[in-house]
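**Q** Spelled out from the first residue to the last, the chains are:
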Amino acid sequence: MTGPDSPHDLGETEFRDTVRSFEFWFEAVEGYLHGRPYGVTPGLKEAELSERQRDGLITTLCNYCVGETAALDASSGMIGFAPDRGAKVFLATQVVDEGRHLEVLLHRLGQLGVTDPDAEIEQRANRSLLKFKERLLEFVDARDWEASVFAQNVILECLEFTVFRHHAGTADPITAEMLRGIVSDERRHMGFGENDLGRRLLIAPHTHDRLYRIKRELDSLVLDTFAETLGELGIEREERPDLAGDYMAAVARLGFRS
Amino acid sequence: MVDFLSNYSIQKWLESCPQGYLQDTVYGHGPDQVEPQELLANDDYREQQIRTTVQLIAGERCALAASSGLVNAAPDQASKTFLATQTLDEGRHVEIFTRRLFDLGVKPDDLESTIKTYINPHLGKFAEVLLEKIDKKDFVAGVVGQNIVLEGMAFSVFEMLHAGAEASNPKFARTLSGTIADERRHVGFGENRIGELIRRYPDKKPEVQRMQRDMTKHMLATFHEAFSHNGAGAGRTSAAQNGASGPTYQGLNMAEASNEEMEGALSATVLKEFKTRLGRIGLEYQSPA
Chain A
1 MTGPDSPHDL GETEFRDTVR SFEFWFEAVE GYLHGRPYGV TPGLKEAELS ERQRDGLITT
61 LCNYCVGETA ALDASSGMIG FAPDRGAKVF LATQVVDEGR HLEVLLHRLG QLGVTDPDAE
121 IEQRANRSLL KFKERLLEFV DARDWEASVF AQNVILECLE FTVFRHHAGT ADPITAEMLR
181 GIVSDERRHM GFGENDLGRR LLIAPHTHDR LYRIKRELDS LVLDTFAETL GELGIEREER
241 PDLAGDYMAA VARLGFRS
Chain B
259 MVDFLSNYSI QKWLESCPQG YLQDTVYGHG PDQVEPQELL ANDDYREQQI RTTVQLIAGE
319 RCALAASSGL VNAAPDQASK TFLATQTLDE GRHVEIFTRR LFDLGVKPDD LESTIKTYIN
379 PHLGKFAEVL LEKIDKKDFV AGVVGQNIVL EGMAFSVFEM LHAGAEASNP KFARTLSGTI
439 ADERRHVGFG ENRIGELIRR YPDKKPEVQR MQRDMTKHML ATFHEAFSHN GAGAGRTSAA
499 QNGASGPTYQ GLNMAEASNE EMEGALSATV LKEFKTRLGR IGLEYQSPA
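Top line first, the protein sequences correspond to chains A and B. For the first sequence, the numbering used here begins at 1 and goes up steadily by one. For the second sequence, the numbering used here begins at 259 and goes up steadily by one.
Each statement offered as a hint is correct.
Partial list, computed: chain A residues near chain B (C-beta under 7 Å): (1) P37; (2) Y38; (3) D73; (4) S76; (5) V96; (6) G99; (7) R100.
Rather than coming from a laboratory, the hints here were simulated on the basis of the structure. Ideal Cβ placement from N, Cα and C applies to all residues, glycine included.
Chain A extracted, bound-state conformation (with noise of 0.2 Å):
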């Protein structure tokens, strides 16, 4: 069996082969999910939070459980109409890698003593981010793979790996290794979008003009997010940090520029 750190050895189909098995997820998954419950190691100490702190860490975390939501929807309804069994078994890995998250998510919820997590999540919930979540769903209602494996697994997975790795350097210590988890999963699946999608753009270099057209719509749903977040942790407007321009270099390191 190759690890997780050789596959770069491989030829290109075998290389895909093996990023997109179940036996690569379960190896990279292990090495930062083993002998940790819910993701955080156990006898981590809570910090003391203020009660603003808290109320804003509820409804952020709140506002993340919607993106995982709409992943996890997204992953398993694109199961349906992926083009080969490799893209499905790695959609499978997804699946599961996005129903973790909420699951981690909806346990910190508890911790922080949420009893009715559907209620604070629909109370909570930012409105650029459902309607984020709504255009998704519609790409994958309508069996559209590169506009939904651009839409899932390059604008949304950037998104939530550019805010997740802030929120993680500024984050209490129990939110902080549970974030660092969930980062280490999205990588891997901007992984898949960035070779899906790179290998169709060569075949058909027509089609990037209408993943361009989609991201532009696409970006501004982003960016208030972005906005939403930042307030929501209470951070100053000087102190925060350029997530716009972190998520615009992510999604142009996969070849899409503003």
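Guided by the hints, dock chain B onto chain A, whose structure is given.
**A** Frame of chain A; chain B shown alone:
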């Protein structure tokens, strides 16, 4: 309901499955285990095993499509997360049985044509009945079709194949034992979750029972075709090929039983399971006859 569903969390799944009975396996079997040499050297026996494995892949592809399609239709978060684990279980099964085809000498480029050559047409119809419910996002019918009927059938078939392979092909037996453990969990979820929903929506009963009857009809036709076309039979072993005394399944010596006897034993086992499990969720078994 919440307590029951907490037993099907992703955390529990991680601990019991990938970090439990799959620990130290590669594609579901031990890292050093290989297909027996006598199987690979015997063209008829190898072809019979390819045919059997193709049916497993077809069944698992259907289960993957069904479980992933149900995630979106699930009425609550806990059911969604359980179905996420089931989706990955089914994806893993597709992967390990596909890998077995390669181990049996099928070239990756010939995968789809091999499946097309050997797939049992009745199994395709069986899948169609289920996937029609999934397309309609019918959660109750989808879970009964998937987690009671399809998984119930798969569970019994895997047990029969496991009995046949235990002594003669430890690699395949190990692969099957992992899938059997997964199927047991899936059937358990179906029974527990759907019983409550059937009680809440009794008007769903006739439609769900019709689906079960149609799926059962295609399943029995699948068994009939499999045993009549499969030479020494789908559950036979290398011992059977040598004329040596073989393992037993439901009291039958698998090396000596006729195809009709094996088909009868498997059908009776699955139907008995159906009746028991359907009864537990408040449905009456509908005979296709």
